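On the provided structure of chain F, position chain Z as indicated by the hints.
Number of protein chains: 2
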Amino acid sequence: MPTPKRPAPDNTGRFAYDGLERVMHEKARLGILTSLVAHNDGLLFNDLKELCALTDGNLSRHLKVLQESHLVEVWKGFNRNRPQTLCRITPTGRARFLEYLNTLEQVIADAADAARANKTASPALLKGWSPA
Amino acid sequence: MPTPKRPAPDNTGRFAYDGLERVMHEKARLGILTSLVAHNDGLLFNDLKELCALTDGNLSRHLKVLQESHLVEVWKGFNRNRPQTLCRITPTGRARFLEYLNTLEQVIADAADAARANKTASPALLKGWSPA
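Residue numbers (the working numbering), protein chains in the order written: chain F, 2 to 133; chain Z, 2 to 133.
Hints in this document: simulated from the structure, not taken from any laboratory. Note that the structure is predicted; figures quoted are calculated from it, not measured. Take these hints with a grain of salt, some might be off.
Claimed, not checked - In silico EDC-like links for lysine to aspartate or glutamate, alpha-carbon gap of 16 Å or less: (1) Z:Lys-28 x F:Glu-106; (2) Z:Lys-128 x F:Asp-42; (3) F:Lys-28 x Z:Glu-27; (4) Z:Lys-77 x Z:Asp-48; (5) Z:Lys-28 x F:Asp-111; (6) Z:Lys-50 x F:Asp-19; (7) F:Lys-28 x Z:Glu-106; (8) Z:Lys-6 x F:Asp-42; (9) F:Lys-65 x F:Glu-27; (10) Z:Lys-65 x Z:Glu-27; (11) F:Lys-50 x Z:Asp-11; (12) Z:Lys-28 x F:Glu-22; (13) F:Lys-50 x Z:Asp-19; (14) Z:Lys-77 x Z:Asp-42; (15) F:Lys-6 x Z:Asp-48; (16) F:Lys-128 x Z:Asp-42; (17) F:Lys-77 x F:Asp-42.
Unchecked claim - Over the 10 Å line for every Cβ pair with chain F, so calculated as not near, a few chain Z residues: (18) Thr-56; (19) Arg-62; (20) Val-66; (21) Glu-69; (22) His-71; (23) Asp-111.
In this text, a Cβ means the ideal position worked out from N, Cα and C, and glycines have one as well.
Only chain F is shown next, with the shape it has when bound in the complex:
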């Protein structure tokens, strides 16, 4: 039975990507943080909602998680007597998000290297193995 190539023995955890903090990695929160990094002075709740294509409920829920992790701050104010909510990334949030992005870049570098190195598809059937 042909056995696949073994990875180098010192490669334990090579693809574990511990830097992908779950609080920032969640798809909607990744969009929220990118929006807020792109708008340093903060964004009004409704504008952020549109940029991320989220519902009121979903955005509120994710903002709460980000706020509890000290990544984002939420401010209340009034404009012509109408209540407004402003969301802004914190300095800590900014630093941690940039660290997260470094790990994300590593994922892409690993996968892109791999895709370049392995251009041919493997044969459909594996001699000596049976599908599970």
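Positioned in the frame of chain F, the structure of chain Z alone reads:
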């Protein structure tokens, strides 16, 4: 009260990142897929487990999800009478993962552009707003 800059009106969903398919975006599964893209002939279960720093149970659970989404195939075989499990990315899985990586690159481009454009931190207090 100072209000923040508004985003351009045609930017709805600009940071929604629909291409980040949840089945591939989950942190452990992202590691598994990157490992398998880097090892085109497949990886033995135990080697994959080490590369991703996962437990048996966690790896099995994530492989099941990836298998059900037709991204990964699992093969059973024997080596010197010992049962072996081989995991391999499917051609579909490879194509979908490369698409996913394109969206991930977009996230990084957006965030890196933003980080370059907004180097200064905002003031700690927002005049006219109160913390929520």
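Okay, the hints, checked on the actual structure:
1. Z:Lys-28 x F:Glu-106: holds, 14 Å
2. Z:Lys-128 x F:Asp-42: holds, 12 Å
3. F:Lys-28 x Z:Glu-27: holds, 9 Å
4. Z:Lys-77 x Z:Asp-48: With Cα atoms ~15 Å apart, Z:Lys-77 and Z:Asp-48 stay inside 16 Å; holds.
5. Z:Lys-28 x F:Asp-111: Holds, at roughly 15 Å.
6. Z:Lys-50 x F:Asp-19: At roughly 15 Å apart (the allowed maximum being 16 Å), F:Asp-19 and Z:Lys-50 satisfy the hint.
7. F:Lys-28 x Z:Glu-106: Status holds; Cα separation ~14 Å.
8. Z:Lys-6 x F:Asp-42: With Cα atoms ~7 Å apart, Z:Lys-6 and F:Asp-42 stay inside 16 Å; holds.
9. F:Lys-65 x F:Glu-27: holds, 14 Å
10. Z:Lys-65 x Z:Glu-27: This hinted pair holds, its Cα atoms lying about 14 Å apart.
11. F:Lys-50 x Z:Asp-11: holds, 13 Å
12. Z:Lys-28 x F:Glu-22: Within the cut-off at roughly 9 Å; holds.
13. F:Lys-50 x Z:Asp-19: holds, 15 Å
14. Z:Lys-77 x Z:Asp-42: holds, 14 Å
15. F:Lys-6 x Z:Asp-48: Judged against 16 Å, a Cα distance of about 10 Å means the pair holds.
16. F:Lys-128 x Z:Asp-42: holds, 12 Å
17. F:Lys-77 x F:Asp-42: holds, 14 Å
18. Thr-56: At about 12 Å from chain F, Z:Thr-56 clears the 10 Å cut-off, so the statement holds.
19. Arg-62: holds, 15 Å
20. Val-66: Consistent with the label, Z:Val-66 stays out of reach of chain F, its closest Cβ about 14 Å off (over 10 Å).
21. Glu-69: Z:Glu-69 is indeed farther than 10 Å from all Cβ atoms of chain F, at 12 Å.
22. His-71: Label holds. Min Cβ-Cβ 12 Å, cutoff 10 Å.
23. Asp-111: Incorrect as stated: the minimum Cβ-Cβ distance to chain F is 5 Å, not above 10 Å.
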